[in-house]
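Protein chains in written order, with the working numbering: chain E, 38 to 209; chain P, 56 to 397.
Keep in mind that the hints were calculated from the coordinates and are not lab data.
For clarity, every value in this text was computed on a predicted model and none was experimentally measured.
Backbone N, C-alpha and C fix where the C-beta goes; we use that ideal spot for every residue, glycine too.
Some clues are possibly wrong.
Unchecked claim - Stretches of chain E that chain P covers, calculated by requiring three or more beta carbons in the stretch to come under 8 Å of a beta carbon on chain P: (1) 39-51; (2) 64-70; (3) 87-95; (4) 108-114; (5) 155-162.
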Amino acid sequence: MSTYTTDFGSIEDFRTGGVMAIDDDPKNYVFSNIFEVASKAKPYERVAVGKNFEYVIETIRAEGTSDWYTCAHDEFILAMDNQIKVELIKLDDPDAAVDPESEGAVKLSGEPKGRPMGWAKLGRGHMCILPVGAAYRVISEKPATAILQTVEGQETVQRWAEICKTESLAQA
Amino acid sequence: MAMAESSFAGSTPSGADLQRHFGASAADNITGYRSFEAGSFKFRRDEYFAHIQWPGGIHQMPIDVFLRALMRDVAWGFFYGTVNFDTVFGTINYYGEVDMFAGKTNEAFTSVGRDFTERFQSDELMATFKDMVSDWTNEGYDPFAAPQETGVPWGSKNGDNEEAISRERVTAKRMVGLPGDTPVRTDDNGFPVNRMFADVEQDQPEFNVEPGFEDEFSAFNLFSYLSRSDVTWNPSVCSVVNESLFCPTSEEFILPVEHGNDRCEWFLQLSDEIIWTIKDGSTGRYRAQVIAKAGDICCMPADIRHQGFSNKRSMLLVWENGSPKIPDLIREGKAPNVAVQF
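Put together the whole structure using the sequences plus the hints.
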């Protein structure tokens, strides 16, 4: 019976594919690699790697302790390689921290006021909700990659020309 | 062959004439299979093939290819945009109404006016498609499964497999694992780890929830969840931010359809590798090959069709914007076919 090895990739060890154009522009595919993006990012920069109208997928390089963030809607975080810890606080007054009509994450200044909701240690493939009305921060002892399902906001960094492949793969 | 029929003509607010003739025969004396009619289309299967007939044309597909595609079209509720069963036959979803076509997305047909399309009310055509996949699927064959994990579809009528074909697509309301939402998969609820994902860690996140927040805060192992999927090429909603839908899925062998989405669609390769063949959505002309390895993320433009090939079973995050406004915006030229321009 065959044995199989599942390749997940990581910030320390990743390979990338690409677009082999036949009659198209590779830029149309907005092709990047989340580990490559994280490997070159500053800690906790929220770099957009996917955008679909107002919605985005952001990649972060988790390293050290992040600032506190909150949001007027749910977000989700998915750990992609090394372990990260997420801490949550239920805000006493969420509307004072973030406009309830706003979109995307908002960075808070200082410690948020509220009650501890809990924490989660997320290893590779673990997903956690960052619920509306809560503040959260991420802690990681060593560089780790995570993605966020969210909406474009003031913290979203867009540098598509830097992160995306623009040339066709060489024909084999 | 005598068909049990129901038929009347109708039109809808869309202005398109709706076909409302549907029929199904008794079991054939030789093969044991029923034949079906929907509008002017006729469907028949024999030991190896599905035969499709319409005014002015006929088409044949290997029955395994046809059943895998038909199963996805049924399970996805005609999905987003165009579901090409192959280069000739397929459906286009108008969300409440659906086109069934032959040659409409193949320039060899359209350039000489040999393409043929009829429109149906979605639930009425769906009923015929469900009857067809039910009757044409034999005992031991699972059209959702990878070829190495199921029996064969060939031969005369031999029982059925209702349990396999009646699976429902998972759609979490907020996130898998939250109280009252879609449950995680375990051995105990009938989802063993797939043979190709035996090395995937099955640990669950260590987390602590303060009293009173049990319904608001949760975490789960998505990769474990995907390693236990019993179907292939069947995206399921696992987390939701308004209309942003994370629809991860496990993939092995070939995407059974050439999917021509009516909006941009993103793929984040969570594990292993998929090679995508990209063709023009309208003509079927080749445009590109996309090679996606673990961690690669890319967008499928709104004017293409794609088909994936995955040798080792892999995990893919399909990311959709479920807004019902997008297809019209793209058709009217108010939204680009490409998600990001730089």
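Taking the hints in turn, this is what the structure says about them:
no. : hint    : verdict
1   : 39-51   : holds (count 8)
2   : 64-70   : holds (count 7)
3   : 87-95   : holds (count 6)
4   : 108-114 : holds (count 4)
5   : 155-162 : holds (count 8)
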